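Asker: Order-wise, the sequence lines are chains A and B.
So the first sequence is numbered by the working numbering: it starts at 1 and just counts up by one.
So the second sequence is numbered by the working numbering: it starts at 1001 and just counts up by one.
What the hints contain is simulated information worked out from the structure, not anything from laboratory work.
Quick caveat, the model's predicted, so the values are computed rather than measured.
Every residue gets a Cβ at the ideal spot worked out from N, C-alpha and C, and that includes glycine.
One or more hints might be untrue.
One side only, chain B facing chain A, incomplete, derived with CB under 10 Å [what the hints assert, rightly or not]: (1) S1017; (2) N1021; (3) L1024; (4) R1027; (5) V1034; (6) A1035; (7) D1042; (8) R1050; (9) E1053; (10) Q1077; (11) N1079; (12) E1080.
Computed, partial: chain B to chain A, Cβ under 7 Å [unchecked claim]: (13) E1022; (14) L1031; (15) R1038; (16) A1039; (17) N1043; (18) R1045; (19) V1046; (20) A1048.
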Amino acid sequence: MVVPVYADVAMTRACVESVLACSGEALGLLIIVDDCGPEREAMVAMLRALRDEHACIRLLENETNQGFVTSVNRGISLRARDVVILNSDTRVTEGWLGELLEVAASNERIGAVCPLSNNATLCSVPELGRGVPPKAVDVSKLELEGLPRWTEVPTGVGFCMLLRDQMLKLVGGFDPAYGRGYNEENDWCQRIQALGFVVARANRAFVYHLGQVSFGSERNALDVINARRLHARYPHYLEQNRSFEAGPHARVAAIAARRSLGKLKVCVDVSHVVAPRIHGTAAYAVSLVEAMAELEAVDLTARVANEAMGQYFLERGVPIVDRSDGREFDVVHHPSQVYEKAEAARLFSAAGHVVLTWQDLIAYRSPSALKEWQRVETFRALTWACLQAAQGIIAISESAKRDLVETFGLGQVDVVHLGVEAPTVVTPTTKYELTKPYFLVLGSDYPHKNLHFALEAARFAGVEVVFAGPPSRVSGAFFSASSGARYLGELPAEDVGFVLQGAQGLIFPSTYEGFGLPMLEAMALGVPVIALGVSAMPEVAGRAAVILDQWSPGALAHAMKSVLVPATRAELVARGLERVKTFTWRQTAERTLAVYDRVASSPSSASLRARDALRILLTGDGHEGLKLRR
Amino acid sequence: MVNKAKRGVAVDSSGLSKRLNEALAERDAALAQVADLRAQLDNTRVSAQRVGEQAPPAYPVSAGLGAPPLRYVLVDQANETVKSLLGPLHRAVKSLASGLKSP
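Whenever a hint applies, use it, and build me the whole structure from the sequences.
Answerer: Here is the structure:
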């Protein structure tokens, strides 16, 4: 190891002592190069005393001030193996050196390794690119074990950098053209990258950096001159760094550190919701935000589509941002599928990790779900890409998870069930003229909702059935066709409870649901439920509903008749009321937060790579017609 | 026996320490010479890879870092002097002009 020394005796001593205390058997030789600083006598006396006390120390005393580059080159010329350059304004921490060496040895393409620090540009945590005082990072609280062991970075940070012996043999030491210092390490990293080697940031090693003490006012001038030299040699250097900082790999360590040291900053992107509770997806998004706002462990913001939704959340104490707000969050959660490329571009350009809730694959499976074939194709491609690129994927039932995993071969998918609100006061209304006993079918009329089936069965059973829900407007949709069904239209939120509570039963004939929230809403109001035994219905309803194994109108008609029997009805109502107690929005929020937590502490490397590719392709942040320089 | 050994160590230790420290200093001085030569060789090798390289653009890097050029200082001083000497006259002219403009 080489420690070039210039100024501040006490700081230098503390640095060397931390190296001696925290490096263990990995240390080898500690070569200190004294460069004739302003306190020469005191510095040399202190260093000689350390040298006399510790057999591993070699002290090289420059006769005149030579600058950083020459001092380092002198030191590393005496190496016997890989060498670490360490500034004297640092404090190393337990296990740092072993980790740097192990990362270096873990891959033959690694040519240099830097640790994390409180103040080291691309290696800074908890703020990437921005230093914080050492006391702001309690290293004993950092939980970094879940991170990828190392991240490829565009350049090393000279405050602490391991240089592999083989690299030094190939390209030599720091270029003396950089004079007294600044940018020499960037130049060196470019030289090894030109040979196909990489610079690694060790995400589980940490070294405190106390700041600039070496150059004082001379710093800017040196920085400018050497930056010009660097950019003249490597015109891509700034772009390379900018692109890395914009990508998802740059921040993994900073986010994990923030998670360890405080609350996660989370944005739930509900910009697909134009009004609360107009459909199941909106109900889920809005209820999730409301429940999460009650949790202490998260710093929550909602991204909203319009002023009305903004007002809605502000009234509930949830801070908001709009779509154009570029604020950075640790985690951005979009609790819905992504249908448009622009939406995907916005999401995957965010600074933080992306979590998606993919409710179901009906729009992926059913060609008629999205009206135009082109949209179906785009959606299918986006579905695949988004699921590869998200750091967290939430399925709202085990059934939906099975479908996602089996269709796309996904590794980690978390199941978080939805909740159901306790019944509120039900306001009676006469506007629907519901005078006769009726069964209710609640929901939209997409083909997979299978509404014809309910109508046919009701006629077979000789009972009244009414339909309510938003029209899908797809070709030949049930509500627009002359089906002969009694259709109440799309119910206002305040009327749903009354219409549902007045029904003899809820018929849920859908053939595909991610969850099937109306079943729980009916149970919460003491209404028996009949559903098909497919998709998520058996899982959500449990034994509290009549689940049809035979999907014939006759079987459904028989079930409708059976729930009119008082004893059966009472049993179903009691079971339903018990069942809904296991589905609360608070539980949904807590389990969702656990997903955020896992994603922040251990994002998968594969998802980060996919995300970077998607970001570049969707945002045009790539370089068309890239050519190899000849 | 034990006491004798301890005494023996005590007698020799300062001299030994001094010799040891001198030896360490000599070793490091020799290492420094080796390091110098090796670093010079390495520098030559690295520099050789850049033969023919144009120096980076030489426009001033000191701008804004040290004292401003003399001409700036002189102009600033002249400006301050004019303002302090003719300040009352300047204010009077301004208020007269604004009075004439108002209806």
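Asker: Next, verify each hint and record whether it holds.
Answerer: Status of each hint after checking the structure:
Against a cut-off of 10 Å between C-beta atoms, the interface hint on B:S1017 holds, since the closest Cβ of chain A lies about 8 Å away. Taking 10 Å as the C-beta contact cut-off toward chain A, the hint placing B:N1021 at the interface holds, the least distance being around 5 Å. A least Cβ separation of about 6 Å between B:L1024 and chain A falls short of the 10 Å threshold, and the interface hint therefore holds. Because the smallest distance between the Cβ of B:R1027 and any Cβ of chain A comes to about 8 Å, under 10 Å, the interface hint for this residue holds.
At about 7 Å, the closest approach between the beta carbon of B:V1034 and any beta carbon in chain A falls short of 10 Å, and the interface hint on this residue holds. Interface hint at B:A1035: satisfied, since its Cβ lies 4 Å from the closest Cβ of chain A, which is below the 10 Å cut-off. Taking 10 Å as the C-beta contact cut-off toward chain A, the hint placing B:D1042 at the interface holds, the least distance being around 5 Å. Evaluation of the B:R1050 hint against chain A yields a held restraint, the C-beta minimum of about 7 Å falling below 10 Å.
A cut of 10 Å between beta carbons decides the hint on B:E1053: the least distance to chain A is about 8 Å, and the hint holds. Nearest Cβ of chain A to the Cβ of B:Q1077: about 25 Å, over the 10 Å cut. The hint is violated. Contact between B:N1079 and chain A, as hinted, is not supported at the beta carbon level, the nearest pair being about 28 Å apart and thus beyond 10 Å. Given the 10 Å rule on beta carbons, the hint for B:E1080 is violated: about 27 Å separates it from the nearest Cβ of chain A.
Taking 7 Å as the C-beta cut-off, the interface hint given for B:E1022 is violated, the closest approach to chain A being about 10 Å. Checking B:L1031 against chain A by beta carbon gives a least distance of about 6 Å; that is within 7 Å, so the hint holds. This hint holds: B:R1038 has a C-beta 4 Å from the nearest C-beta of chain A, less than the 7 Å allowed. Checking B:A1039 against chain A: minimum C-beta separation of about 4 Å stays under 7 Å; hint holds.
Hint status for B:N1043 relative to chain A: holds, with the closest Cβ pair at about 5 Å, below 7 Å. Nearest Cβ of chain A to the Cβ of B:R1045: about 5 Å, under the 7 Å cut. The hint holds. Given the 7 Å rule on beta carbons, the hint for B:V1046 holds: about 4 Å separates it from the nearest Cβ of chain A. The beta carbon of B:A1048 comes no nearer than 9 Å to any beta carbon in chain A, farther than 7 Å, and the hint placing it at the interface is violated.
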